[in-house]
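J.: Chain by chain, the residues run as shown.
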Amino acid sequence: MWTIFKKEMNQFFSSLVGYIAIGIFLVLSALFTFVFPTTSVLDAGFASLDTFFSNAPLFFLFLIPAITMRMFAEEFNTGTIELLITRPLKLSAIIGGKFFAALMIVVFSVLPTIVYYFSISKLAAPIGNVDTGGIIGSYFGLILLGASFVALGTFSSAITNNQIIAFLVGVLLCFSFYMGLDFLSKLPFFVGRFDYFIEHLGINSHYLSMSKGVIDTRDLLYFITLIVVFLLLTKTVLTKRK
Amino acid sequence: MSVKVQNLSKHYGSQKAVDQISFEIPNGQVVGFLGPNGAGKSTTMKMITGFLEPNNGFIEVCGIPVLEQAMLSKQKIGYLPENNPLYYDMYIKEYLAFVANVYGVKKIGARVSEMIDMTGLGREQHKKIQQLSKGYKQRVGLAQAMIHNPDVLILDEPTSGLDPNQLEDIRSLIVNLGKEKTVILSTHIMQEVEAMCERVIILNKGKIAADNIVEQLKLGNKRTHIVRLKVKGKSAKNLQLDHVSFKDVQGEFIIAHSASVDKLSEAIFKYCVQNNLTLQHLAEEQDSLEDVFKQLTK
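Here the protein sequences line up with chains A and B, keeping their order. Read in order, the letters of the first sequence correspond to residues 435 to 676 in this note's numbering. Read in order, the letters of the second sequence correspond to residues 434 to 731 in this note's numbering.
Hints listed in this document are in silico derivations from the structure and should not be mistaken for laboratory results. Note that this is a predicted model, so its numbers are computed, not measured. Treat the hints with care, as some may be off.
Unchecked claim - Just so you have them, the derived chain A footprint on chain B, three or more residues with Cβ under 8 Å:
#: 1; stretch: 482-494
#: 2; stretch: 521-535
#: 3; stretch: 609-618
We put the CB at the ideal spot given by N, CA and C, even for glycine.
Produce the complete structure using the sequences and hints provided.
T.: Given below as C-alpha cells:
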C-alpha cells in the first residue's frame, strides 16, 4: 500500500494536479471567508469560522472528484491497470494507497487554513475569545467529509475508463450524499415517516453535529461506514472488471 | 515444469476466446505463441499472469497454482503487456524504482542502474517516459518486466512497432535472457519465432493448432518434396524424370517438385549420375514457418 501511496503522491505533484487543487481551495476559501462582503467574517461581527466551514464542503464537492477522477479511469484507459494487477499487490492495497494519497491532498489543503483560526482568535474581543472546541470539531468533521468524498470519487473512478464521466458521477454522488438526501427528506411524502432516517443517511447532519464541537461516536461510525462501504464497492467493481 | 496449463478456457459471452488448451513448458525454454489476430494469445498470457480469471482450467507457474496463490506466482513472473502500457508522466528511474519496490527488490538503486545498462537505456535515463521513442519505451517495458529477476518472462508482442535496428537489439536481448529463463512471447512475425524460439505453439480460434519444436514443425508439415538443384549447362527443360516437375528459378537454380517420389534428392542424384550430368548443387527445401502457419490457421 505504501508504494502505491508514494507513486500516487508523486503523480499528483509532478502533474501539478496536487498544487492546483490545493491552490484553488485556499484561494476560494480565503476569498469567501475574508474578502467577499456577503460572507466575510470581517463584516459579520462575530469571531467565528462558520462561513469557512459551510463553504469548504462546496469547494470539495468539485475539487475532490477532480482529484480522484483519474485514479482508476486513467489506469484502465491507458492499460496500466494491467501492470498493477499482475504485480504481487493486493487489490485492497491498490485501493487503499490511492485513497490515502487523495486524502493526503485534502489534508494538505485544509492544514494551511489553521492560520484562519489564529487570525480570528486575534480579532476576537477579548482576544482569544473563540469557540476553539467547535472549530476543532469542525476540522475533524471537514476531514471526515473530505475522506467520504474521496471514497465516493474513488468508486466513481473505478466504474469507467473515461475521466470526465468519473468526475461527473463523482460530483453527483458527493452532492447526493452531502445535500441530496437532506433535500429528499423534506419531500412531503417522507415527512413524518422516514425523514429523520433519510436525513441521517446524508453527510450534512453528521457534519453539522460535529461542528458543534461534540465528536459523537455515532457520527464517527457513520463516516467510517460510508468510507468503508464505498471502498469495498470499489473493490467489487474492480474484481468484476478484470 | 516452469509453466503448466491444463484445460484452460476463457469465454467472453458466447465467444470462446480460449478453448480447453493445455501445454507444459520446461525451465529455460523460449516459446513463441503464434496465431492470427483474436486467436487467444494475449488472453492466454493474461490468464497466466493473473490479470484475467479463467472460466475453467488450471495454471501453475514454477509449481505455484496461479489461481490459489496469486501473490506468490505473480512474484515469479515478469510481464510485458500488449501495447506496453507505462506511466508516461514518470521518469524512467522513478518508474523502475517503483516497480522494484512493489516486488520487494533489495538494493533498488543498484538494480535499477543494472537494468538501465542491460536494456541500453543509458543515454536516455534522465528522461520522462513520455519523451522516449517507441523503441526506448519498449526497453523500459522490458526493464520493468525483468527488474525482480523473475523465473518466467511473459512478453506480449515485445517487438511490435520497432525499427529494424531496435528489432535486432531487442531480439538479441530476449535470446540472451532465454539462456537462463523461461520466456513466452507472442508475435505475428514468423522470422521472429525462427530467430528467437526453440518451440512454437500455434493458436487458432482459441485452440492449439500446433505445438512443436520449430525445426520439427517445419519438417513435419512438408506436403510435397521440394529440392533445389543446379546442373552444369542445363535448365529445367533439359531434365526429365517420372512424377517430378522441374522449374527454373533465378541464379540458374532449378526447383524440383514431387508429390509422390519419396526420396526425391536421392532419385535426382541417381538420375544425374546415370545421364552423366554434373550436379553443382542439391539441397532439400524446407517449408518456411510462414507456410506452416498459413496451412494451420486457414
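J.: Hint by hint, which ones does this structure get wrong, listed from lowest number up?
T.: 3
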